[in-house]
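Participant: Chains as they are written, first to last, in the numbering used here: chain A, 6 to 375; chain B, -12 to 564; chain C, 19 to 395.
Possibly wrong hints are sitting among the right ones.
Stated by the list, open to error - Derived pair list, reagent style DSBU-like, types lysine-lysine, alpha-carbon separation capped at 35 Å:
| hint | chain 1 | residue 1 | chain 2 | residue 2 |
| --- | --- | --- | --- | --- |
| 1 | C | 133 | B | 75 |
| 2 | B | 261 | B | 202 |
| 3 | A | 174 | A | 115 |
| 4 | C | 272 | B | 145 |
| 5 | B | 75 | B | 324 |
| 6 | A | 53 | C | 133 |
| 7 | C | 30 | B | 116 |
| 8 | A | 174 | C | 133 |
| 9 | B | 125 | C | 30 |
| 10 | B | 125 | B | 229 |
| 11 | A | 115 | C | 133 |
| 12 | B | 229 | B | 216 |
| 13 | B | 261 | B | 313 |
| 14 | A | 115 | A | 152 |
| 15 | B | 75 | B | 452 |
| 16 | B | 339 | B | 216 |
| 17 | B | 261 | B | 280 |
| 18 | A | 174 | A | 152 |
| 19 | A | 152 | C | 133 |
| 20 | B | 202 | B | 452 |
| 21 | A | 152 | A | 53 |
| 22 | B | 280 | B | 452 |
| 23 | A | 174 | A | 53 |
| 24 | B | 229 | B | 280 |
Claimed, not checked - Covered stretches of chain B (chain C as the covering partner; in silico rule of three or more C-beta atoms under 8 Å from a C-beta of chain C):
| hint | segment |
| --- | --- |
| 25 | 57 to 69 |
| 26 | 73 to 85 |
| 27 | 94 to 103 |
Hints listed in this document are in silico derivations from the structure and should not be mistaken for laboratory results. For every residue, glycine included, the Cβ atom is placed at its ideal position computed from N, Cα and C.
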Amino acid sequence: MSFFLRIRSLVIKELQSLFGDPSSRALLIMPVILQTILFPWAATMEVKNASMAIYNRDLGVASTELVQRFTSGAAFTDIVVVHSEAEMADAIETRRAMLAISIPDDFSQKLAIGETSPIQVLLDGRRSNGAQIAFGYLQEILEIYLKDRAESAGHHLPSELVVRHWFNKNLDYQHFILPNLVAIITTIGSLVLTALSVAREREQGTFDQLMVSPLNPEMVMIGKAVPAMIVAFFQATIILCAAVFLYHVPFRGSLFLLYTGMFFYSLSLVGIGLLISSLSSTQQQAFLGAFSFMMPAIMLSGFAAPVENMPYWLQVATWPNPIRHFVEIVKGVFLKDAPPDRVIALLFPLVVISIFTLGSAAIMFRRKTT
Amino acid sequence: MSEVVVSFENVTKTFPGMESPALDAVSGEFRTGLITGLAGPDGAGKTTLLRLVAGLMEPDSGTVRTLGFDPFADSAAIRGDVGYMPQKFGLYEDLSVQENLNLHADLRHVIGEARRESFERLLEFTDLKAFTDRLAGKLSGGMKQKLGLACALLGEPKLLLLDEPGVGVDPISRRELWRMVEDLVDRGIAVVWSTAYLDEAELCGTTLVLNEGTKLFSGTPAEISDPLKGRCFHLRQPGEGKRRLLTDALLRPEVTDGTIQGHNLRLTFRPSTKPFEPDEIGAGSEANWSPVKPRFEDAFIDMLGGGPPGESPLTARTEAIPLDGKTVIEARGLTKKFGNFTATDHVDFDVKRGEIFGLLGPNGAGKSTTFKMMCGLLVPTEGTATVVGLDLRHSASQARQRLGYMAQKFSLYGNLTVVQNLVFFAGIYGLHGKRQRERIEDMTEIFHLEPFLITPTESLSLGYKQRLALACSLMHGPDILFLDEPTSGVDPVTRREFWTHINGLVERGVTIMVTTHFMDEAEYCDRIGLVFRGQLIANGTPDELKQSVADDSNPDPTMEDAFVSLVTRREEAATET
Amino acid sequence: MKSAGFSLRRLKALCWKETLQIFRDPSSNLIAFGLPMVMMFIYGFGLNLDSSRLRIGVLDEAMGTESHGFSAALQASPSLEVHRYETRDELAQDLVDSQIRGFVIIPPDFSRRVKNPADTAPVQVVTDGSEPNTAHFVEAYVNGIWQTWQLQRSEDRGEKLEPEIVMTPRYWFNPSADSRNFLIPGSITVIMTVIGALLTSLVVAREWERGTMEALLASPVTRAELMLSKVLPYYALGMFSLLLCVATAHWLLKVPFRADLLALIVVGTFFLLSVLGIGLAISTATRNQFNAAQAALNAAFLPATMLSGFIYEISSMPAPIRAFTHVIPARYFVSAIQTLFQAGSLWHVLWPDIFALIISAAFFLGLTARLTRRRMD
């Protein structure tokens, strides 16, 4: 009984000092709101409003129609008409166009006699990903055009691909980014918080005050962990609500599973935060230490690029990275309604990481006080 | 011969967000040929005045002339001629002694032969020659202070401004620094020394006393303490129960102020009153009065209308612990090694219930390491530290429940309010519900915290912070209290009040262990352990220690004399062998 | 008057002090030397937007020669790792579990319908939409294989089924279209931002917190010396890191670098001065390390990652955000350094970016200068 009452005192103290003064309250909430507003719009791999240069030497009906189809979608809104190969290259070089289409003068003629007509597309390799995606759009438009032509001529293709995208019908990038943000933003908040809070108590001398009280190091750790977890839950819930109610990303899975995942995830984060803070003696070291962990960990979480694209050894090496597993859980539960056994399989690494980091932090804490 | 180098008239400075001005129409001057003391409690406006004189700020109104210039508008003109040592000395802790000196020499264009000579002279002067490669952060407080002074002295300034150079520095280092500064004065440099310690101010040639932004007094220390002539007395050989006697004496209307000095009481009387008969407060038959020379501190307290009342309301609210004469704190062969450096070397002592035990020693002597082992913050390499018969290593939690701790630096949660801090400390010591509420009410009343309950702790004045810190450490009614330099930087009135509370607790059987650099605090102790180079070199009552160094040239040594000569003796003995 | 005016000696002394402090603090060493290398290798090996080998499932319900031919074509593709399945349930489950990123189902009537000239036989392709980028790749790869297979099949049967129009892509710069070739230069932007803004955001605040600023202000130091003493050492550190990163990218990670050193130094200089300006302005304004660090994280690091165009195309962002990116110096540096790596020292391409960086450097350093006061209050 007394154990819990003492821990409750620690937790209340921590929450009061976090939410007590306006500036630290603002630091907990403002970045989350700002990021929830900015990032879903900014972080997109879709190509929209892109610029395209067109060098059309052919005056036939076919080329005109095709160009018309290319430029009518949402992907390309900025069309630059050029009149030479050199101008085409220049438009790419100076970034006036992401890609440039060159239609030869015999295009319509060849098409009419049934020969294969080539179209050359020049892509800006400095932005190869965007250009590649944009090229994919063009390809799609071309295929539909060809199919329409074939059908109007009475031809049938022997087979066709019927493509469907599960979990995210239109491959809306926001459906991908928002569940990821739940994981990423929560990480920044709770990791920096735990790493700094112990270092700050040490700099201010209040840590000694706790150490001479009847609290043992484990109680002090729990007292630090619980508020950080509360903050993590709080921030995650903000983004979750924004995702569902503002961005209308359908939530398909079980909230219970999601929050269970969140519990173990925040536990493992807190473990890392406490470990960093037990290793650093100043706030600067704690902050830069947390940052040095966070930056690679986020990059290797599958958020910026899928884990399966990494070389095998690196995929193995990212196993101790809790963000990687939690990103999977959120996406799985959120979009795919992942079943409990799948979530439990993903929870396993988080539990191992938590035990390891909290255990080492506890050992470090004990050692620091000796 | 004495030349006015700084003059200021009606200087006022207000900071945004502060109710009253930091400085309110203060006038005065600083001269060459003497040390000007700038005295006053925390928040009196000392630092603000120094910064105005150094041209680091602009006054709201009034004029300042430093070396004939307006220091703010013509700051470039005076920079080279003003040496300034900020609080905490302004050193780069990650640079070595030599690198700090190089930086300041370059900043002040001390080059070529002059640079070589300055370094030679200053290193000699500050005794830092052997440590030029050591990082400033790894120096002891006294050495940092000397290095800070050396940096401020580069470029031969005409005016030297020292902001609280004595804080956290032991008496020996303070004496050395003082000698250096006197030397500078003889060479024609005007020196301003700001301090919250009035015994330091007393040594100055002239003193400007500030309190809450206004000038309380200016003149020589003698001028200040003269009006108290014939009003200060020692009550010698008062017999048993000196704390009770002090309380009773302070209750008498003719007594304005009183302190304990070893076995004696030191009292100040109202003008034109006479000392009462010692037996009226129950002193022993041998008790007698002897007049003493008034001190600066007496005068200061008198100017503020006398000391605080003698009875602590804490006494009545503390459960009496029977004085069973048992040893409650015990150190046996206590040793702590950091690598191959022995910070504490086989220290033994014991403290009986209801005693005040003081731990004294120069900076870096191992006093705080010893203290930290006693309260369980450090685990000894060898030996044992027991508190109420419990080894802190084995039954830590249980033992810690019985002790209270007040840290050197203010260490409560600054961004929490006063009441949040109180509730927190009650909570972690296991007080809940009705008991918690009652105890917090008690503490609020005893320490007059009522008006500040919802104030963030960091915006309290130092005096109130210190009261709150004591309240938090007493919340759970500990029977042992550890105090680590509890009154650093606090003004004498608040310090008196603090000791009144401590005396009240001791009356009820609480045992106190305290570290301090203040010799007048040491006088309150029942016994003192003097730590030097990791060893306990003396252990006895204040009077015993003083007596042990008395000789023909100094028949009545002060506590500071005792401290200095015991340490020096030991040092000499060590160099001989 | 010995103290008035600018003094090179004082500036040198202050810069030397700053340099010693950088090298003596383990955490600033970590940020300045350790983190850039780690990040370079992570971007070099870990971040790869081009799916190299995608895992997909195939369920052949037709079990005929036609369907067999198609699934064999899928299996033969080097960009796919094909697993065979027996039931649709298994496919669905593995897609939910992210074991596969998509699957192809060849329906039972495939062989019959494909042979019927009046009919078109559907092949079902399902992708994992929770990874839109990968889903695009799955679709594109399967589509490519399907087209080749169909062409091959027609040829084998002596039919003519050549596409009427062929689009051939050609990459101007980065001919292999390797995403590493633009991610690694882009990541240098993030690293430079961390060194320039995050590290310096702490340094002025630290001097205020530790009381050393007061000692400096009481000495004859001028405002210009004070500011330059913070800019120059961190500029040198940033430049060193930049060259180190470019060298690592070029020689170890084999990302082609086509520009000359002069262009790199010019572009790097103005970008570094901009981010140093941001870091110092934050530090000077807050005078508090905790807040400065948080502010730098939100004002410099996150925009450099998310809004600089380094991973995400700026042109695809909504107009208000697009407008906002114009005040982020990282945006111009990303664009310039990608040109430097992939295209070379094309001054006519670089100058608008350099011009924007000069303006932002002047703005942020000017702001720092305004905020730098030779006074305590």
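Participant: Taking the hints in turn, state whether each one holds.
Facilitator: Status of each hint after checking the structure:
1. Using a Cα cut-off of 35 Å, the hinted pair residue 133/C and residue 75/B is violated, with the two alpha carbons roughly 91 Å apart.
2. Distance hint between residue 261/B and residue 202/B is fulfilled; the C-alpha atoms sit about 31 Å from each other, no more than 35 Å.
3. Between residue 174/A and residue 115/A the alpha-carbon distance is near 38 Å, which puts this suggested pair outside the 35 Å criterion.
4. The suggested pairing of residue 272/C with residue 145/B is violated, with an alpha-carbon distance near 63 Å, which exceeds 35 Å.
5. As the CA atoms of residue 75/B and residue 324/B are separated by approximately 28 Å, the hinted pair is consistent with the 35 Å bound.
6. Restraint check for residue 53/A and residue 133/C: the C-alpha separation of about 40 Å exceeds 35 Å, so the hint is violated.
7. As the CA atoms of residue 30/C and residue 116/B are separated by approximately 25 Å, the hinted pair is consistent with the 35 Å bound.
8. With a C-alpha separation of about 31 Å, the suggested pairing of residue 174/A with residue 133/C holds against the 35 Å cut-off.
9. For the suggested pair residue 125/B and residue 30/C, the alpha carbons sit about 25 Å apart, so the restraint of at most 35 Å is met.
10. For the hint pairing residue 125/B with residue 229/B, the CA-to-CA distance comes to about 42 Å; that exceeds 35 Å, so the pair is violated.
11. Of the pairs offered as hints, the one joining residue 115/A and residue 133/C holds, with about 29 Å between alpha carbons and a cut-off of 35 Å not exceeded.
12. Proximity of residue 229/B to residue 216/B is assessed by CA-CA distance (about 25 Å); at most 35 Å being required, the pair is judged to hold.
13. Restraint check for residue 261/B and residue 313/B: the C-alpha separation of about 41 Å exceeds 35 Å, so the hint is violated.
14. This hinted pair checks out: residue 115/A and residue 152/A have alpha carbons roughly 18 Å apart, not beyond 35 Å.
15. Annotation: proposed proximity of residue 75/B to residue 452/B holds, straight-line Cα distance about 20 Å (limit 35 Å).
16. The hinted pair formed by residue 339/B and residue 216/B fails the criterion: a straight-line CA distance of about 39 Å is larger than 35 Å.
17. At roughly 16 Å between alpha-carbon atoms, residue 261/B and residue 280/B fall within 35 Å of each other, so this suggested pair holds.
18. Restraint check for residue 174/A and residue 152/A: the C-alpha separation of about 23 Å stays at or below 35 Å, so the hint holds.
19. This hinted pair checks out: residue 152/A and residue 133/C have alpha carbons roughly 19 Å apart, not beyond 35 Å.
20. As the CA atoms of residue 202/B and residue 452/B are separated by approximately 24 Å, the hinted pair is consistent with the 35 Å bound.
21. A hinted pair counts as satisfied when its Cα atoms are at most 35 Å apart, and residue 152/A with residue 53/A qualifies at roughly 25 Å.
22. With a C-alpha separation of about 33 Å, the suggested pair residue 280/B and residue 452/B falls inside the 35 Å cut-off, and the hint holds.
23. With a CA separation close to 18 Å, the supplied pair residue 174/A and residue 53/A stays within the 35 Å bound.
24. With a C-alpha separation of about 21 Å, the suggested pairing of residue 229/B with residue 280/B holds against the 35 Å cut-off.
25. Counting residues of the segment 57 to 69 of chain B whose C-beta lies closer than 8 Å to any C-beta of chain C gives 7; at least three are required, and the coverage claim holds.
26. Coverage of a stretch by a chain is defined here by at least three residues with a beta carbon nearer than 8 Å to that chain's beta carbons; for the segment 73 to 85 of chain B and chain C the count is 10, and the condition holds.
27. Counting residues of the segment 94 to 103 of chain B whose C-beta lies closer than 8 Å to any C-beta of chain C gives 4; at least three are required, and the coverage claim holds.
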